Amino acid sequence: MYDVIIIGAGVTGCAVARYLSRYQGKMLVLERAEDVCCGTSKANSAIIHAGFDAAHGSLMAEMNVRGNRMVPQLARDLDFPFQMNGSLVVCMSEEDMPRLRALYENGVKNGVEHLEIVDSKRLHELEPNVSKNAVAALWAPTGGIVCPFNMTIALAENAYANGVEFRFNTKVTGFTRGSGCWTIHTDGGDFQTRYVVNAAGVYADVLHNMVSEERKLHITPRRGDYCLLDKQTGGFVSHTVFQLPGKLGKGVLVSPTVHGNIIVGPTAIDIEDRDGTNTTAAGLDDLIAKAGISVDNLPIRQTITSFAGLRAHEDHHEFVIGEVGDAPGFIDCAGIESPGLTSAPAIGETVAELLREKMGLAEKENFIATRKGLLDPKTLSREEYQALIRENPAYGQIICRCEQVTEGEIIDAIRRPLGARSLDGVKRRTRAGMGRCQAGFCSPRVMEILARELGVSQAEITKCGGASRLIVGVNKDSIGEVREG
Amino acid sequence: MEKRELTCIGCPLGCAITVTLDGGEVKDIVGFTCKRGKEYARKEVTNPTRIVTSTVRLIGSKTGACVVSCKTAQDIPKGKIFAVTAVLKDVIAAAPVNIGDVLLKDVAGTGVDIVATKAVR
Amino acid sequence: MKYEIAIIGGGPAGLAAAIAAYDAGCRSILILERDNQLGGILNQCIHNGFGLHTFGEELTGPEYAARFAKQVLDRGIEYKLNTMVLSISEDKKITAVNRTDGLIEIEATAVILAMGCRERSRGALNIPGFRPAGIYSAGTAQRLVNIEGFLPGRRVVILGSGDIGLIMARRMTLEGAKVLVVAELMPYSGGLKRNIVQCLNDFDIPLKLSHTVVDIQGRERVTGVTIAEVGPDRKPIPGTEIHYDCDTLLLSCGLLPENELSRGMGVTISPVTNGPVVDESLQTNIPGVFAAGNVLHVHDLVDFVSEEAAAAGRAAARYLEQGSQSGAGEINVTFEGGPRYTVPASIDPKRVSDDLVIRFRVGGVMKNRRVRLYLDDEVVVSRKRPVMAPGEMEELKLTKEALAAHPDLKRIHIAVEEA
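Chains as they are written, first to last, in my numbering: chain B, 323 to 807; chain L, -4 to 116; chain Y, 678 to 1096.
Simulated from the structure, these hints should not be mistaken for lab results. Mixed in with the good hints, there may be bad ones.
From the derived model, a few chain Y residues whose C-beta atoms are all more than 12 Å from chain B [as the list claims (entries may be wrong)]: (1) 744; (2) 753; (3) 762.
Chain Y regions said to be covered by chain L (calculated; three or more residues, Cβ under 8 Å) [claimed, not checked]: (4) 722 to 735; (5) 828 to 839; (6) 874 to 881.
Computed list of lysine to aspartate or glutamate pairs in DMTMM-like fashion (alpha-carbon distance at most 20 Å, straight line) [said to hold, decoys possible]: (7) 855/Y - 799/B; (8) 747/Y - 96/L; (9) 30/L - 0/L.
It should be emphasised that the depicted structure is a prediction, and the values quoted were computed from it without experimental measurement. By construction, the Cβ of each residue, glycine as well, lies at the ideal position given by its N, Cα and C atoms.
All chains, full assembly: derive it from the sequences and hints.
Rendered as structure tokens:
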């Protein structure tokens, strides 16, 4: 019997897990994919929003601004990359100025600090590559960029270090309510728990609607396509450049990433398929056309990859956080679309506090409040790096040449608790495969290391768990067999 | 009478050559620009041959290699390519291997040996 | 560590450069190679067709590499394996790393860039669809099949009819896979004709020109690929889609010279070739820094790589003796009627000590042309070319004599015209 089971190991679920792990109790995170951070958390704009966009008075606004204030310290405590590079919302015409001013007012009311409307001259000083046609901008110095993979993984690792269990490849199929407890049915067996936290992303409404009749939730997966540009384009913009938000969301942004790439996106395309993370030609064309509005000469030809993520857009465009009225013990964290990433720490803290109060949880005496990420030799001095290689020669072997990732880091990524078990797991933790050659060079080598570390044959190594085998067999293995034509 | 069109592969020019055959016998060749091209065309329509390059399994390698690259020491009839690969499936070479080592004699009844093309410790 | 010549890359270019530099008298040479063996990409090119020009024989890639590696070993030229160069400073200080030496810094008087090239990825092509397992660049698949002995898939669609795609069509077929189609964006194939015959025709693998991949299906592993015809603007034509059930997509859509290190040290890169801009000595804008092989411009025949790299090796050895002369006498090679670039990009006649090879590629398929090389207004080379294609590099030899006969030279020009 668990005290709390969290469904979903995205950034929301992992944040709840981490803040909950401050308290005593038996906690478990169930995740249908093979690893943490496999849903929306791995395919988003990676922005820590300042908080001027969310409607004043909404839970989104509250969580956004609170989360924005929590992230810098959290990034230090949990050792994930974060930069407060500042955001600019660019206004392209005088007619749109009222909308820009309204955004500013909304931000001020939301409690966003240091907001300022800047004129064209100041705007172009701040950001020379902004379109010549831009007339003004909202300047929000408290906006930032983060590594969403590292943030999610850091939250998960810290939760795990504090005793939270994680089960992967476990899909929830139903619930049964008992007295004072819930039974969660999964394709890997049943689990009993006093409280359930529903952080299931684009499936949160499906789970909620299994237990509640009073109010049904409806989540529409809203796809965002992105293009990621080569690090050579780094510096094209140094702040996150937004366009004025519209009905479907914040619009297409152009931003640096914490790793030195430029990211362009997202589109906002409502789809039905909750697993429809495929980009489309129309989506990418739309994206490229829109991205060029706020900046001049976007080096879009330097795209190294494109991808899509699904926002969990609830009909009411608002976070649904709290205990379900007609399903006591069932806590929703649903509808976590943008500003979900920013809000995650605040949501985590809020839900943890909610549960502490309801369950009378006691604080842990030995809560481990910090977590150290992978050792990145690039952060060491020459002497330190030399000493590291002497002690552990694997750090002297570069595996991913585009991102300069060493074998030492890859081994660390696999061996550490909640370590990588697939190519994508290694990629999210180390960046191996995220560079300009997109794993062309390193994937055979990473596969070899994974096979060796996990004690399996290379034929069993997957890209992202499940059926995503990379190798189907060995040379000539089907010759001589009767094959279909 | 039969006309066969082919592209010469002797050099990057890739001349388009037409061979006229009567009952399997070459009657005329046009389109070549060098002697090699003419010979290639004649051979290609009467007895096309290929060098087959492939890999065979390797055991005992100190570097952990599991396969070694190999080739037919001379060209073999084109129609026997798959017969050759079927035989190669069951060949296991043992390290160390040097370039030119015979890994299999007279593959698939062609009279041609399979030789290693890579040195492996 | 101090060396007179440091060579970045121990593939065919690096090996040939080292041998030539040694034979020109240099005894302080170091080759830096990131793989666990010398030979570079040739180690995985187990097909034959290499060496016809160099050795008069047709060799497989590993055999060709072994011939050069042996020459390096016989001369006692130093090399480090499993060593990745992290950066090179403008003053030719090389930072590299490996397991045994750790972080090392090498001061070189001359540097020869021989890093080769990499493949264009699916991401860079912006092919829409899911991102399942089973999508490989042809070269990565080649490594898996030829070096590791692993089969990346059983039902294969290939995008790109460059040589690597064609070679892999045959490789996969011989290893038991079914190759369903080779799709090619352009209206002509980018590969050698012999590969069309021996890799596609031999196995009845269809080649669809003017087609590209418009969608990839499969969430975890590829389940299918959709291709469509493209128009003259190279954009897919709606309604022409053809779907293939398959588990693998191989991409052979272009090679890009690997010039991160070059850019990092301030070497000027040509936007046409994506390789360094070089003069008649294959020297970049940085004195004492030379480039050869695929890192300079992507080659089709390794024999040309070896020739070019040998010239760079000799030039580096000369540089050690004579230092760099100023570039005041450089004449930019101009061209019209077809070439997209030339290597070298500029020639200073006073610094040419030997016959010079000028290499170039044309931008489209051209038939019945004549290529003329002009020194000032005089035609010094005139060649009939029945067929020229982007997939086949062209060479012109400019002799020492011809240059000598033109003191006060002002113009070096290549004109491609109707025959």
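Hints, verified against the model:
1. 744: It holds; residue 744/Y is separated from chain B by about 26 Å at its closest Cβ, greater than 12 Å.
2. 753: holds, 25 Å
3. 762: violated, 9 Å
4. 722 to 735: Satisfied; 4 residues make the cut.
5. 828 to 839: violated (count 0)
6. 874 to 881: That given contact holds, which follows from 3 residues of the segment 874 to 881 of chain Y lying within Cβ reach (below 8 Å) of chain L.
7. 855/Y - 799/B: Holds: residue 855/Y and residue 799/B sit about 13 Å apart, inside 20 Å.
8. 747/Y - 96/L: Roughly 17 Å between the alpha carbons, so the hint for residue 747/Y and residue 96/L holds.
9. 30/L - 0/L: holds, 17 Å
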